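Chemist: Given next are the chains, with one letter for each unit.
Protein chains: 2
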Amino acid sequence: MLQSLKRLVIGRPIATADEGHQRLRKIIALPVFASDAISSTAYATDEILVVLLGVGGGAGATKLGVGTKAWGPIIPIAIIVCILMVIVVLSYRQTIHAYPSGGGSYIVSKENLGTIPSLIAGSSLLVDYILTVAVSVAGGVLAIRTATGLSHKWAVPICLVCILMMTLANLRGLKESGSLFAGPTYFYIVMLLLLIATGFYRIFVQHVGPIPDSLLSEEAKAARDHVGSLGLFLLLRAFSSGAVALSGVEAVSNGVPAFKKPEAKNAAATLVWMGVILGSCFLSVSIIAAKLKPYRGEHDGNGLGLVAEYIYHGKGILFWMTMIATFSILILAANTAYADFPRLSSIIAKDGFLPHQFANRGDRLVYSNGVIFLASVACVLIVAFSGDISKLIPLYAFGVFMGFTFSQAGMVRHHIKLKEPHWRVGLTINFIGAVTTGVIALIVVVSKFKQGAWIPALLIPFMVFFFYSIGKHYQRVKKSLEVPEGYKPVRHTHYVVVLVGKVNRGVLEAINYARSLSPERIIALSVVQDPEEERHLHEQWDRYDIQIELHTVSSPYRELTRPVMGFLDEIDQERDDDIITVVIPESVTKVTSQWLHNQSALALKARLLYRPHTVVVSVPVHVD
Amino acid sequence: MLQSLKRLVIGRPIATADEGHQRLRKIIALPVFASDAISSTAYATDEILVVLLGVGGGAGATKLGVGTKAWGPIIPIAIIVCILMVIVVLSYRQTIHAYPSGGGSYIVSKENLGTIPSLIAGSSLLVDYILTVAVSVAGGVLAIRTATGLSHKWAVPICLVCILMMTLANLRGLKESGSLFAGPTYFYIVMLLLLIATGFYRIFVQHVGPIPDSLLSEEAKAARDHVGSLGLFLLLRAFSSGAVALSGVEAVSNGVPAFKKPEAKNAAATLVWMGVILGSCFLSVSIIAAKLKPYRGEHDGNGLGLVAEYIYHGKGILFWMTMIATFSILILAANTAYADFPRLSSIIAKDGFLPHQFANRGDRLVYSNGVIFLASVACVLIVAFSGDISKLIPLYAFGVFMGFTFSQAGMVRHHIKLKEPHWRVGLTINFIGAVTTGVIALIVVVSKFKQGAWIPALLIPFMVFFFYSIGKHYQRVKKSLEVPEGYKPVRHTHYVVVLVGKVNRGVLEAINYARSLSPERIIALSVVQDPEEERHLHEQWDRYDIQIELHTVSSPYRELTRPVMGFLDEIDQERDDDIITVVIPESVTKVTSQWLHNQSALALKARLLYRPHTVVVSVPVHVD
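Sequence lines, in order, name chains A and B. Here my numbering is used: the first residue of the first sequence is 20, the next is one more, and so on. Here my numbering is used: the first residue of the second sequence is 20, the next is one more, and so on.
With the rest of the complex left out, here is chain A (with noise of 0.2 Å):
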């Protein structure tokens, strides 16, 4: 029933040769890749103001209360963050040519840098991904609400629900959510281009002042007209926030395989047009927000719906479809990760660094244990900040920046290395973003720091311990199996010790089982806790006149493992058969009922499992 429930909801099994039928197109290679970055236009500017207008700083920040100056930094941070971009996508066009296997930064900093340099990078952008599930549907549903009037209480279970239903269709596999998902993508960037056509029309031609009190909440009224001064901290704060808006850059050369053939050139395409599309968007979104000022307040906050609000005149069919096209974006931003987490925690594993389950693909030839894992991150990091964007932002560029830094400065060591042709041109671009991004990094994390950012400062060495002690066992262990020189097979000769407690069929059956064995030795070993069950169970012996030796030992404590080790102990000492085999008879019911049983059996049979040359065997006795 299980199974069914599971073809049902997941899809029937893929096999591993059709594979390359799952390849993606540039047309629903866009959507599926760069819908993360281009999805951060719609909170990306938002962001910058809360931290201008002094509110969402935590508890750690100054109310600077900055009035109508703080929307003055607007456009030079919305510009600076555009060069940025430019550097970023120009370093990672070098990547996805050098790399087209795919990888991305992690792949990128193991050829080039070594082991722990590539774990800071997969750590970095692990922690990344699933921030950007967490951000970009609490994102989405700030929208769904902007648009609606729900209240904030609602903003946690709604993401999850979001959550779940996406996991479901990335259980799915990758190209029918790929299809899915397409259009909104489309959807949002001609709503979004409207929208700032529109906007310029009515602010350079109509000439419309800033949108006026009446529409805003009395806070953002409050936070709208204080006035203060900016201090150089507070702008690189602010200028942390927009560098959110880079997040999802790299997804395109982590996800290369994916695309159809010529895979490189068609994912080099494809980041072009997701940084022409994001760039002049962001621009022009921060643009319009820096003339026509919307603040709607800490928890409310979606300037996008305000500015839509405004210009269409109210809350028509327009500004509906800017937000649901809005939340259908940042939906699809949060399913990015879904492609990317994965496949790069599937790659970590792959290394040895993480556990080997992250490595199998599931029946749709989806890597389900990544997915799965993604998710439930997720919905604990939207319950713990309680859905709310402007607490989840100072988490996350620190992980995007350190991917970049790291991928970045690989590059120049491959550069170096290989010395392809046009080689110093690449080193020269690669050498610029591995500096720029490892300085924003710093910045991020420095001005962020008690607002959030510390949380990722502190788990990515964390985890890049963890892979590495993971790294370590498995090697370990690979070394320790290995077959030895000069390896000859021997005969073991082998002692059975048959448990039992009463008599019945259960028992008689682990008998007739150990005695086809054909052991060398076998003897029953019983466990009792006073002189009247040990006459009893000889009686029973008699009775069913069973051949072999019945041994007991008593246990004053009413223990079963101790007096069964000891037991085990003496036979090694008298004797040198080469192993110990242990029967044991053990009751099976139906699955709902099966922990009624053999709850003690269990306790020994864990403890056995450490012992040396000792295997046990369960006889399993069919009871319903």
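Treat the hints with care, since some could be wrong.
[Stated by the list, open to error] In silico lysine-lysine, DSS-like type, Cα no more than 30 Å apart, as pairs: (1) B:Lys172 <-> A:Lys410; (2) B:Lys624 <-> A:Lys521; (3) B:Lys334 <-> B:Lys240.
[To be verified] Residues of chain B placed beyond 10 Å of chain A at every Cβ, according to the derived structure: (4) Thr186; (5) Glu282; (6) Ala288; (7) Lys334; (8) Ala403; (9) Tyr506; (10) His557; (11) Gly585; (12) Val635; (13) Val636.
Everything labelled a hint here was simulated from the structure, so no lab data went into it. The model shown is predicted, which means the values in this text are computed figures rather than measured ones. For glycine and all other residues, C-beta sits at the position ideal for the given N, C-alpha and C.
Given the structure of chain A, go ahead and fit chain B onto it with the hints provided.
Modeler: Using the frame of chain A, we list chain B on its own:
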């Protein structure tokens, strides 16, 4: 290391033969078994007042606001409760003499009324014991908060710490906790008698009036002065709250075997002493309350504390001693449940209606699983009801009186069946007892249904159903495991399948082990995902010159379980060996890294467990 920690906290194991020494003298048995009942003097009067003054009634209660008229019914209610107690004590004396081996309501119902009534009685008492822990601890912590003025938000954490400490004490064993707790009970009795004597002197000799308003909280003042009218329903609800004073009276009859010999005589004497102390103290406290009108409000309502503060002229040494004694006795009361819950659940488990684990005694002769289960559920209750005693009380009395009713109905049958000397007297006593307590159970559940009595009213039938299902299950298993008539041992032939991935030391050891089993037929099975993997495996096979046949199955869907099951089915059709033994090599590492290994094997083994005539053997390879 875990073992050493356990020894440090719990103590050395105690042998079964040492059991006799753990019996209790009367002077120790009184605090252990009667502290629950006696401790209710600390809150029963308050809980009557909470209802009469119209607070703490929960969402469904009408706030009647009954003013000075409300104080009138206290003494009549207290007298009725005392009469009820005489009836119950007399009834239980009959039970103790009829059932010197203990078991209380459950045993009596089982022997006289049958399985279902006994399970109702048993469930009721288990619920009652859990609530005893929650209510008593909440009451004890309230006393501490009354004395220190700690705010309500500390209630839950302090309660949880108390439960944790008690759990540890009880995992150490019964006798030690008895001696540990004996002092405080007598201390409470002395402090309570002193309070009563001083109170009576002040009231009847010095003629002091009610506690002045200046000592009361604002909320309490308003409630005390309000004037309204008393309905019958409210009086019944107030009486139901007072009736909790009787909880714990049955504890002695459950614990008879823990008394020193002659058990029944000692237990009966202890029961009478308990009744005398409880009745006289409860009545006296109620008289004082009627005269001094102590009322502190909903969340800080320890009336005993207010009386002590008033008659001892402030928070001096006598006030503090009274509060500390109150805290101590209530913790002791909770401890009563720690003696009775595990005892009763072990009796029910031995009858096969609860998992066998509840019948297993730990190292220290304590039914450890019962202790841990009790503590866990009590903690959940404390958290769910914010550690507020007035919210817990409505859940409490139903289970208590259900237990009484079934116990005494059972005794009625007992007298009729056996007709021992003086059986008519006994029959009359128990008949009156059964009818009275049955009516009161009904009053409790009706009058407090909305306030929380619906919880035990739903839970107890569910528990009965659950226990009954477990019982059916164990019966069926037992029947199915019976050795059939004319059983003859058969000699099995068997087919061994060794599961291999790639060839390593573990696989070679598994193959060696499989060969030592001298099977009729042996084959190595490998599930491969592609032809490349298959070729590589055959190469390794040749290289290590492995002498058994290798069979490969391809798994296009990257599964392990299904192809293996399919292969086994094929074998079953081809051959007529009785049993297939599947040998699986498993890497065993340190406990902390074991989760990194064998997850797929685990899933396969779980599936194979349900396959008929199939035995799974894990051959461990130790790595670390």
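Chemist: Could you run down the list of hints and mark each one as holding or not?
Modeler: Verification of the supplied hints:
| no. | hint | result |
| --- | --- | --- |
| 1 | B:Lys172 <-> A:Lys410 | holds (27 Å) |
| 2 | B:Lys624 <-> A:Lys521 | holds (26 Å) |
| 3 | B:Lys334 <-> B:Lys240 | holds (20 Å) |
| 4 | Thr186 | holds (20 Å) |
| 5 | Glu282 | holds (21 Å) |
| 6 | Ala288 | holds (32 Å) |
| 7 | Lys334 | holds (39 Å) |
| 8 | Ala403 | holds (20 Å) |
| 9 | Tyr506 | violated (7 Å) |
| 10 | His557 | holds (16 Å) |
| 11 | Gly585 | holds (14 Å) |
| 12 | Val635 | violated (7 Å) |
| 13 | Val636 | violated (5 Å) |
Violation of the numbered hints given earlier is confined to hints 9, 12 and 13; the remaining hints are satisfied by the structure.
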